[in-house]
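Protein chains in written order, with our numbering: chain S, 728 to 926; chain Z, 2 to 572.
There's no promise every hint is true.
Using C-beta positions, here's what the derived DEER-type ranges look like [unchecked claim]:
(1) 876/S - 252/Z: 45 to 51 Å
(2) 493/Z - 834/S: 51 to 57 Å
(3) 520/Z - 745/S: 24 to 30 Å
(4) 769/S - 342/Z: 42 to 48 Å
(5) 528/Z - 893/S: 40 to 46 Å
(6) 893/S - 420/Z: 23 to 29 Å
(7) 900/S - 556/Z: 51 to 57 Å
(8) 283/Z - 745/S: 43 to 49 Å
(9) 765/S - 417/Z: 32 to 38 Å
Keep in mind the hints are simulated off the structure, nothing from the lab. Glycine is no exception: its CB is placed at the ideal position from the N, C-alpha and C atoms.
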Amino acid sequence: MKKPETVVGIETQSEVPDPYDLSNLQLSQSFTETSGVKKLLTTVPVRKPNPQDWVRVHPDPAMRGHFPLIELKDEREEYVIAGALVPELVGEFVHKTLYTTINRQGVVSLWPVRLPDPDGREMDWNRSAREAAELASTRWVRVKANRSLGAYEIHEAEGIIAEPKWPELTFQEIIRIAFRDRLVTSLDHPVIKRLRGVA
Amino acid sequence: MIMPAAFREIILLDFEFEACSGERPVPVCLVAKELHANRTHRIFQDEFGAAPPYATGPDVLFVAYYASAELGCYRALGWKTPERILDLFVEFRNLTNGLSTPAGAGLLGALAYFGLDGMGATTKKELQEAIGTGTWRGQYSADEILNYCESDVLALERLLPLMWPEIDLPRALLRGRSMAANASIEHAGVPIDTTTLDMLRDKWGSIQDQLIAEIDSQYQVYEGRTFKQELFARYLQAHNVPWPRLASGRLDLSDGIFRQMSKAHPTISLLRELRSALSDLRLNDLSVGRDGRNRALLSAFRSRSGRNQPSNSKFIFGPSVWLRGLIKPPPGYAVAYIDWSQQEFGIAAALSGDTAMMEAYASGDPYLTFAKQAGAVPADATKASHRGERELFKQCVLATQYGMEAESLAVRIGQPPIVARDLLRTHRETYSRFWNWSDAALDHAMLHGSLHTVFGWYVHVGGQPNPRSLRNFPMQANGAEMLRLACCLAVERGIEVCAPVHDAVLICAREQDLDADIESMRAAMAESSRTILKGFELGTDVAITRWPDRYRDERGAAMWARVMGLVGEGS
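This is chain Z alone, in the form it adopts within the complex:
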């Protein structure tokens, strides 16, 4: 294998660690191989020193498979984060994103993809589970665990030369840098009000029944704990709510449709929360450590856009928004939720170079400005004077971002299809440059077989390309790049980032540091947007929660208050 001469050393390594729910990793052992020196280090629990025993520095390449796990162990040991990180998991995902792989994206899957057998890298499930749950003591010897760990390092050694020619190293190292930031974020975790969580867990069974009794009284769609489609259809008919259907003719009851319809018909929102609470929410799965922090594997680069895909049930920012009321800073601290304003719209405007769209973004109210640009409202219209028109144009913008057709938009805005068609056409006319660019992105994907972001995250066009998804890729995936870079900058500048959330971050700071940290985080987000968008800066909004208050998401506020009422607590 030809290695770049510039690297003084290349380290392949793997940790085995205990990973109890919500806790920081506890390293059990480490195997590291220095490729140039052909030296292997096998280190067991009590032998970890103050620093790695192998080469370190900017001219040493650190290679791992899903590096944030290894880097989490580095943090637990107090070791300095490596400066050049190559994560073969991330690069394997980048190589195959959008395509099917013979055996997934794990280490065995990557070996299988390259025609290597999995010998020496068998998962040995029992051993793995024993280590993960911290029950290995007395069951397995140090040698057995080290041998298991070394088998993964040897697998890496076989995999690296095959992947090497496919790796775009400068950008791969940037992705590796983001895995270091993720390790830091997972290390921090989200502060949780564990007293309330314990109480909810304790009473959850009866709460669910009471919720049904209370909420369903206005819908009448449940029988016991079962949601009845026929009853829901009757409710929709009685309340004149048009509802999307599947090809089979049955009502589409997916959460995405519920979310969409809740926006057009807010009365549905509470029912959606109830359904989520009953079907998706397993309170015991929410992984909270003894220090009261929610920690879940961020599952970086798992989604097609390169966004994180953490477990819905383990991560506090899962779909049950009301549960976010459990987020509460510890005494003397505050949390701040900072999100980019209209990130997707801003990305679309900047990358397409559509000046009308950029102007709309810069106005601070792209929806109303869009209506003005289209001549639908006078130039001096305000959000208050033209609320209805603004809402229509807002729904149109959102519809284009979802790739929605006129029929779906018509349902969403509760207007005839001709109104929806005219709105979509107006969008095409007003932002014609954006649409040309979007068409070209789709053409590019179909002609060249892939699309990529500013920093080289690829989606490959597989057997059944989805044009809507491909069109949306530049916005979603560059949004993911933006968040990754902002997290890198923030973590490296010493901000405690607790969680990345789609187009936002949650940070935690001591009261006296809060203003400075918010300013620093916003500066990092602004810098990141300028880097991704050729100098175009996206704005950010901040929501602060100071102890003893709890985090509040408006979408879940009613449900939270209701649950707290049922358990006899003030909200």
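Just chain S, same shape as in the assembly:
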């Protein structure tokens, strides 16, 4: 056991400590300051929220962005295309908005929602997902696919009043974590080879 640093070494102590004077005896209980630990965000899934999850979307517009993405349907994986490759891969990717999202368990993810086509057409699935994401910037929502409706049902939680605790990271940092091994920077990338049937 180490003596607290606030205690004067007894060998040099010239006054008898007074156990009836408690004014200078209290030791800090602020473990938050002394533990020196912070949680690192090392994994950020890119996916639409699970149908059971209540989620919030970060309200700051700087915490969302549009990206060219290739979605591998079977693997349910999204790959982001480096800007220089975009002209060469027209038709292979779609533009999606990535919303920074958090669920009630504090799991941060990126919610991809497809942007309307260049001609402005938009499927109900994407429109309803976008509406849900916008709504989630101020309320806890849950989205569930309704096939007969052809769109997402949006559920809003009336009883949850707690605000989410967002990680102290920029959007760029979150993107970097989410796509650290899913960034397509050359035409030799295995994803491109598979799409072109050369893998």
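The hints should help you fit chain Z onto chain S, whose structure is shown.
Relative to the frame of chain S, chain Z by itself:
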């Protein structure tokens, strides 16, 4: 050894004393060594004067091993309590709390820990027992007893320089101060209705059989005096009571689980009392002196949290709560049981600085306020209008204090796990600052190898750290600090504290002094809470028992009434 220049003298001392069950100590001899003067005092029974023959005063350090025993002798002799007390037992416990030690925490254990041999400090069991039981006369000479006593003082002299560099003296002296308060509490003892106790002891064998016959008729789980697990399983199934199981699949029959389940399923409560009465209770072990006071060694600083750990069978505040009905003030007196309201919740709120939690504490009903803060009940909800919701949130708060997981909470509240998970999550969200602090406390323990209280009581992280226990340490151990300080203040202000009980005290006072003493005790408890909690004050509740009434604990009232019915007495 370098000693602090400030102390004019350092006294190492040890008493030998008779310690018959429930009685105050009767000093047999004392050996004291003045270190600076290098002078040894050997005093036998009839040589004790009106005051110690060695240096005293605030500039004299009194050093002992488990000092409340020595200070009990001081009280018995009418000597003034020393002002600067260093208890090497307490400091050894603080140094090794949470770690394994080669030979326990006694004087020999401390010597072994520091690599010193036990020569000169051998326990000489027969001699020790003869002194303790007062049967030494005619068996041992004064010299033999003094030599034995001096061997412990010499052991202290060898131990002190090794421990000295590890001792945080200002706080060690505060702990020493609390050992003086403990000596005073042990001196007072708890007033007992010895007439009823004698009657119970006399008839205990037949009472036990009658209790089984009477109580077990509604459970059908006993065969003779044996509790049958299969029968209990059948009872649980028939009454649809989910019961926690051990990893082996067998029902968990520990008293902790019974206590927990009794809260969720009150019908179990009586069975728990019966089990306790049959298995734990040895009425003859309850140590009551000729003056009708229950006295047991408080075993201060024995638990990891620094709380007392008195013998369950010797101390009236052991687990058999119904037996507390034996507590009865003498004629003209009253006892008051004063406890902090929601102490653990209040400590957690204040030390973590969680304002929502502090607000809930200050509301007087933290459970209902928690439900309001979580949006589960309207702002104007009351205990009467939302009893069910309040109970759920109460169980959730208690669950977090026990470090309970969702599955256990679900069993306790009799709801599916998803409800329990949501409740626990709501607690985390509503009191996020508390949880950050709790996480940080655990991180601190794992990173630095220890956690400590406001006044420097440490728990060290050993080979197999228990995260739940570490998380709970700041609440439990600072609660212990709070109780110790309150007892110091109360005793020093002349209140007769009979017993410290986890988060409460029992005091005794003459009828005409009762109100003033209660007020003074509550003020001491309030002051103590403010000192520990950076100015945040915890409230207290009082239950008064005036002669000729007896103390009553609701949890044991039914059992008490039943036993009294069996022995033909009114309750």
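Here is what the structure says about each hint:
1. A hinted range of 45 to 51 Å for the beta carbons of residue 876/S and residue 252/Z is consistent with their spacing of about 50 Å.
2. Distance hint for residue 493/Z and residue 834/S: a CB-CB separation of about 54 Å, consistent with the stated range 51 to 57 Å.
3. For residue 520/Z and residue 745/S, the Cβ-Cβ distance of about 27 Å falls inside the hinted range of 24 to 30 Å, so the restraint holds.
4. Take residue 769/S and residue 342/Z: their Cβ atoms lie about 43 Å apart, and the range 42 to 48 Å holds.
5. As the Cβ distance of residue 528/Z to residue 893/S is approximately 41 Å, the hint placing it in 40 to 46 Å holds.
6. Here the CB-CB span from residue 893/S to residue 420/Z is close to 28 Å, well matched to the stated 23 to 29 Å.
7. Distance hint check: the CB atoms of residue 900/S and residue 556/Z are about 55 Å apart, consistent with the given range 51 to 57 Å.
8. Checked against the given bound of 43 to 49 Å, the beta carbons of residue 283/Z and residue 745/S, roughly 44 Å apart, stay inside it.
9. For residue 765/S and residue 417/Z, the hinted distance range of 32 to 38 Å is satisfied, since their beta carbons lie about 35 Å from each other.
Checked against the numbered hints above, the structure violates none of them.
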